[in-house]
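Visitor: Sequence:
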Amino acid sequence: GDRFELDSPLATHEVQRLGGDRYSIAMGVPRFDPALIPLAGFDVAQVRYPFVLDGRELGFGAVSMGNPHAVIEVDDVQAAPVAAWGPALQASGLFPQSANIGFAQVLARDHVRLRVFERGVGETLACGSGACAAAAVLVRSGRIARSVRISLPGGDLRIDWPDDAAAVIMSGPAAFVFEGEWKQ
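Going by our numbering, the first residue of the sequence shown is number 23, and it counts up by one from there.
Hints may contain errors.
[Said to hold, decoys possible] Pair by pair, the computed Cβ-Cβ distance ranges are:
#	residue 1	residue 2	range
1	Ala-105	Asp-24	36 to 42 Å
2	Ala-105	Gly-41	36 to 42 Å
3	Pro-184	Ala-105	32 to 38 Å
4	Ser-114	Ser-163	19 to 25 Å
5	Val-199	Ala-130	28 to 34 Å
6	Gly-142	Ala-62	14 to 20 Å
7	Ala-196	Val-66	37 to 43 Å
8	Asp-76	Ala-188	35 to 41 Å
9	Pro-103	Asp-185	32 to 38 Å
Derived by calculation from the structure, the hints in this document are not laboratory data. On a predicted model such as this, the values are computed, not experimentally measured, just so you know. In this text, a Cβ means the ideal position worked out from N, Cα and C, and glycines have one as well.
Whenever a hint applies, use it, and build me the whole structure from the sequences.
Guide: Right, here's the structure in full:
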């Protein structure tokens with residue numbers, strides 16, 4: 023069929039085939055409560071949290087998409103020192119479980135360029151939960167619309183967040199990567 027469920031380590035997600043190689047997946051409702059992210063040192067959710075690195079204020083938004091994310095808005099994502107700032111924020115002690123650190127450049131209300139430094143991995147070509155996190159944080163701060171194109175180094179995703187209580191919907195291409203079996 024055109025709809026099915028996909029189990030991940032974090033949740034069960036509803037997937038819909040849109041046609042061709044395009045699919046949408048319900049990624050869950052963003053959680054901004056610091057205790058649920060988790061984010062240490064804050065009792066109340068904020069739009070922007072303070073973080074100073076080498077004397078420079080790098081405020082960030084934070085959200086859980088089932089995994090912890092920080093989003094730093096930058097003027098030029100290509101020039102952003104992702105490999106320096108990402109690990110610094112991960113190691114700051116603010117995120118007890120570490121976090122994926124997104125660097126977002128708002129190009130228009132419906133278009134964001136994003137790079138993500140993933141916990142345990144480093145910079146990646148694409149990060150679906152990171153794209154959803156960036157959209158949620160930027161919608162919450164009033165910077166973008168609820169339907170947005172997120173351009174990552176590996177390609178574009180469409181992110182839709184109908185309202186605050188709804189799941190974020192991620193749409194984009196899917197490709198066959200491998201086939202395998204796990205033996206128990």
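Visitor: Decide, hint by hint, whether the structure agrees.
Guide: For each hint, the structure was consulted:
Taking 36 to 42 Å as the suggested C-beta distance range, the pair Ala-105 and Asp-24 conforms, at roughly 41 Å. At about 38 Å, the CB distance of Ala-105 to Gly-41 agrees with the hint of 36 to 42 Å. The supplied range of 32 to 38 Å is met by Pro-184 and Ala-105, whose beta-carbon atoms lie about 35 Å from each other. For Ser-114 and Ser-163, the Cβ-Cβ distance of about 21 Å falls inside the hinted range of 19 to 25 Å, so the restraint holds.
Checking the proposed 28 to 34 Å range against Val-199 and Ala-130 shows it holds: the Cβ atoms sit about 32 Å from each other. Under the hint 14 to 20 Å, the C-beta atoms of Gly-142 and Ala-62, about 19 Å apart, fit the expected range. Hint check: Ala-196 to Val-66, Cβ distance near 38 Å, so the stated range 37 to 43 Å holds. For Asp-76 and Ala-188, the hinted distance range of 35 to 41 Å is satisfied, since their beta carbons lie about 39 Å from each other.
Between Pro-103 and Asp-185, the C-beta spacing of about 35 Å keeps the proposed range 32 to 38 Å intact.
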